[in-house]
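Undergrad: Kindly produce the complete structure, drawing on both the sequences and the hints.
Now for the letters of each chain:
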Amino acid sequence: MPELSVQLLIFMFLGTVVLACAIYAVILVDLIRAGYALIFSLATLGGIYIVLGNDFLGAVQILLYTGAIAVLVLFVVMLTRKSVDGMGRAEKKQDWIWGGVLSGGLFLLLFIGINKHKDFASGLPPIVPQSDLTLQAFGMAFTEEYFVPLQIMGVLLTAAFIGAALIARPEKKGDESGKDMGAGS
Amino acid sequence: MTLGFILIISAALFCIGLFGVLSRRNMIVILFSIELMFNAAHLNLIAFWRFGENPLAISGLMFVLFSLAISGAEAAIGLALILRLYRHYKSVETQSITELKG
Amino acid sequence: MEIWTNILLLMLIGPFMAAIFGVFGAVRAPKKYILVSIGGIALSLVCSLGFLWILGVIKPAGLLVTQFAWMDFAHSSIPMSFVVDPLSAVMCFVVSFVALLVFIFSSGYMEHDERKARYFCFLSFFTGAMLGTVVSNSLLTFLIFWEMMGLASYLLIGFWYQKPSAAAAAQKAFLTTRIGDLGLLAAVFFLYNKTGTLLFFDHGAGLLEPAQIALLQKAGLWAGAGYLFWVCLLAFWGAVGKSGQIPLHVWLPDAMEGPTPVSALIHAATMVAAGVFLMCRLYPLYESVDGLLTLITWVGAITAIFAGMIAIAQSDIKRILAYSTVSQLGIMFVGLGAGGPAYAMFHLFTHAFFKSLLFLGSGSVIHACSGEQNIYRMGGLKAKMPKTFLAYVIGAAALAGIPLLSGFWSKDEILYRAFEHDKLPFLLLCATSLLTAFYMTRQVVLVFFGEFRGTKEVKHHLHESPSLLTTPLIVLAVFAALAGLIGTPWMNLFGHFIHAPEHEINVPIHLLMMLTGTALAFGGLLLGVKLYWNRSVRTMADDPLHKLLGSFFVFLNERCRVDELYEATLGRFMDVAARLSDYFEIFLEFVNRMVGGLVYTLAWVENKVLDEWVINGIFSAGCESARIKGVLAAKFQNGSLAFYLRMMASGALIAGIIYWVVK
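Residue numbers (our numbering), protein chains in the order written: chain A, 2 to 186; chain B, 297 to 398; chain C, 7 to 669.
Because the hints were derived from the structure by calculation, they are not lab data. Do not rely on the hints blindly, as some may be mistaken.
[To be verified] Straight line, CA to CA, 27 angstroms or less: simulated DSS-like cross-link-like pairs of lysine-lysine: (1) A:Lys93 <-> B:Lys386; (2) C:Lys388 <-> C:Lys462; (3) B:Lys397 <-> A:Lys94; (4) C:Lys393 <-> C:Lys465; (5) C:Lys169 <-> C:Lys462; (6) A:Lys93 <-> C:Lys390; (7) A:Lys117 <-> C:Lys669; (8) B:Lys397 <-> C:Lys635; (9) B:Lys397 <-> A:Lys93; (10) C:Lys553 <-> C:Lys536; (11) C:Lys536 <-> C:Lys388; (12) C:Lys390 <-> C:Lys462; (13) C:Lys393 <-> C:Lys536; (14) B:Lys386 <-> A:Lys173; (15) C:Lys224 <-> C:Lys200; (16) A:Lys117 <-> B:Lys386; (17) C:Lys669 <-> C:Lys553; (18) C:Lys37 <-> C:Lys169; (19) C:Lys536 <-> C:Lys635; (20) C:Lys390 <-> C:Lys536; (21) B:Lys386 <-> B:Lys397; (22) C:Lys465 <-> C:Lys169; (23) C:Lys641 <-> B:Lys397; (24) A:Lys94 <-> C:Lys641; (25) C:Lys393 <-> C:Lys462; (26) B:Lys386 <-> C:Lys641.
TA: Written as structure tokens, this is what we have:
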């Protein structure tokens with residue numbers, strides 16, 4: 002039984018929030034509500050990162066998800082509202098069963114697997130002073146060791162950005178089916 | 297606070313995400329769930345990094361950072377696709393897009 | 007002695023080359039071709055005279071045998087072989103001489119026939135074949151030429167093939183002699199089987215030489231008689247066929263359908279004599295068997311009297327002569343059986359002359375009567391055809407046995423031997439001589455004496471035949487008269503030449519025989535004269551003999567109905583056999599159809615079962631299973647995203663479980 006400490010309590014609280022919001026995100030019919038739940042969940046996850054000791058990552062997480070992706074999601078939800086408004090649940094019981102069985106099975110598997118490992122029971126090592134993980138260190142890493150991955154990432158993101166723009170681009174007048182979509186010229 | 301604890305959380309998060317992917321019919325919700333799964337994986341990685349042999353190595357962080365970026369890109373493209381599909385099929389339900397069958 | 011092989015070659019080549027010329031286009035120049043063929047025969051005659059000279063005057067030591075290998079096997083060979091001994095030389099002379107005269111006669115007789123070139127071709131072919139037969143030293147060669155003779159006889163008898171009776175007669179002749187030939191062939195096979203050689207003379211190893219004869223005599227018994235007995239019996243059967251003895255005599259009278267010169271050559275002097283010649287050739291074998299010679303004697307005697315009886319009742323001039331030939335051949339066989347080859351050969355020798363003379367004479371008569379052959383419609387031809395008449399009478403007298411003519415001497419010898427040997431055949435022979443004289447007188451009187459009884463038209467055209475026809479008659483008449491003198495008992499040149507064994511001549515018996523012969527001859531003559539002189543016999547009913555013998559005469563006229571007998575028995579038998587064969591064939595056809603049907607059914611079944619059900623079924627089943635599986639697999643491709651996701655997740659889960667379990 003791990004020792005009960007403030008860290009643990011905080012951690013348990015944050016964990017619960019994350020999971021609860023995640024469940025809400027997955028279950029709610031109303032997509033905007035679900036989106037909100039998602040944002041909240043991911044933001045809290047960022048909090049967990051901070052608790053674990055790397056504030057940079059937590060900051061990035063919050064920035065990225067709540068700032069960018071969430072906005073994107075909400076935009077899309079709003080654009081596609083017509084189809085789901087007032088329709089109620091489209092899922093049948095069968096769907097819930099499928100999902101429940103499979104995810105439950107997996108959770109069971111992982112739970113058992115985690116508990117079997119004795120290593121996982123060790124305590125949290127003390128948090129090291131952030132002398133080696135400062136922002137400066139990050140910057141240095143980006144320009145020295147991880148320069149190429151950074152550039153590649155840049156390319157990737159650019160491609161994704163352009164691709165997404167292309168895919169989502171509005172159609173020409175009088176051409177509903179989108180014939181010129183093809184392979185994306 | 298043990299590694300196992302965090303791993304259980306990440307496992308639960310992952311399974312919630314899986315649950316959403318498998319059971320929801322709305323494509324956008326599926327995308328949400330995929331995001332959840334991604335984040336669960338990130339949490340997993342951080343946990344192992346933090347509790348592992350070398351908690352100061354920056355490579356752990358880097359890994360997760362890049363994975364984050366990629367998941368973001370993926371979300372963006374996925375949403376763009378959903379938009380497109382919506383325009384064509386006038387619906388974001390998975391069951392209305394069954395033309396590619398054998 | 008190489009020169010004699012050349013002579014032999016020339017002798018055989020002459021006629022055969024003439025025949026070959028005839029085949030290849032003598033038709034365009036028939037007159038020239040006739041001369042060529044006559045030349046061929048003349049060449050043969052010269053060669054045979056040469057042989058007589060060589061054998062008679064020069065008298066070489068040893069036998070003149072030549073041979074060449076024909077079929078060579080690993081350990082043996084079958085050669086073609088020729089021999090010229092006195093027997094052959096005499097026959098060669100007779101054949102070529104008579105043939106020459108017949109050729110000359112034919113050139114006149116067949117002048118108006120449009121196929122005469124063909125006729126001379128066949129005749130040359132025949133003569134060559136006959137000559138080949140007599141000089142053969144090997145049974146194989148002998149058989150080859152024997153068969154050639156059969157073929158030539160068929161061609162010549164059926165020369166006027168448009169006449170259905172002629173075609174039928176040719177077929178009859180061929181088939182009847184064939185039946186005889188089977189016996190000869192079987193004999194050849196058996197001889198070869200036991201002795202391994204087909205040669206007559208082979209430096210001591212030949213069939214007729216003591217070594218082989220001893221071997222054959224020692225060979226085992228079959229069905230009670232010795233091997234040699236059966237072989238000789240079979241060979242005799244062959245001679246019976248060719249020489250027209252009972253029961254195979256039926257073809258000879260019918261063979262008169264052919265042109266008369268053909269009858270003269272083939273059915274009087276040569277081919278029918280070939281049977282006698284065969285017996286003479288194989289005599290050493292017959293000598294060594296008990297009882298066969300007696301059989302031969304009896305067959306000859308019975309044939310002689312039988313044919314003689316039929317002859318007295320015939321009305322066709324050639325038929326009389328045909329039956330006479332059969333009868334005289336019987337006498338030859340008696341001579342062979344009772345005495346030996348010398349006696350038979352002597353009678354053959356004289357018979358050749360006077361019988362061919364008679365036939366040619368009858369040809370002349372028929373020619374003069376514009377084709378009439380019935381003696382009831384002739385008569386008084388003596389005045390119109392003096393030369394023919396003279397020659398004919400000499401021939402008839404020789405045949406009858408009038409003393410000092412050739413027939414008298416040869417028949418006398420045979421009577422003597424018969425008397426010494428077998429009494430009963432002797433009596434039959436006496437009766438035959440009487441009948442011979444009688445029917446010849448009958449024929450001569452009815453043809454040449456009295457008044458002409460034919461139609462006015464024929465009478466108008468009566469004339470003596472041209473010299474081309476009468477000259478051969480005269481030549482033959484001379485020979486018929488004088489040829490016998492070389493064989494008289496006191497100065498038997500002929501016998502010496504043939505190396506006949508020396509017999510003790512019992513002079514009183516011999517004189518008795520001569521007297522008997524004379525008495526019989528004159529007796530028959532007087533009888534004939536008494537019955538037929540100065541009678542006008544126009545039809546069979548008028549015939550005095552008919553009045554004497556009544557229905558028996560009619561029976562004899564119908565040739566004792568032997569043909570009818572054969573038809574009723576053998577003919578019916580063949581009919582039944584043919585019918586049975588037909589049924590058998592229908593049965594076989596039926597079986598064939600059944601088998602065919604069965605095969606067809608099997609094929610259909612195989613098609614239906616194997617091909618359609620089994621193979622197709624398997625294939626279809628395979629395809630069906632593939633299709634079902636494909637359909638099943640396609641169900642996974644239902645386009646539903648949720649489905650895909652679920653499948654993926656399930657798969658991953660299961661993989662994880664398996665991994666965890668294994669680990």
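Undergrad: Which of the stated hints cannot be reconciled with the structure, identified by number in ascending sequence?
TA: 6, 16, 17, 19
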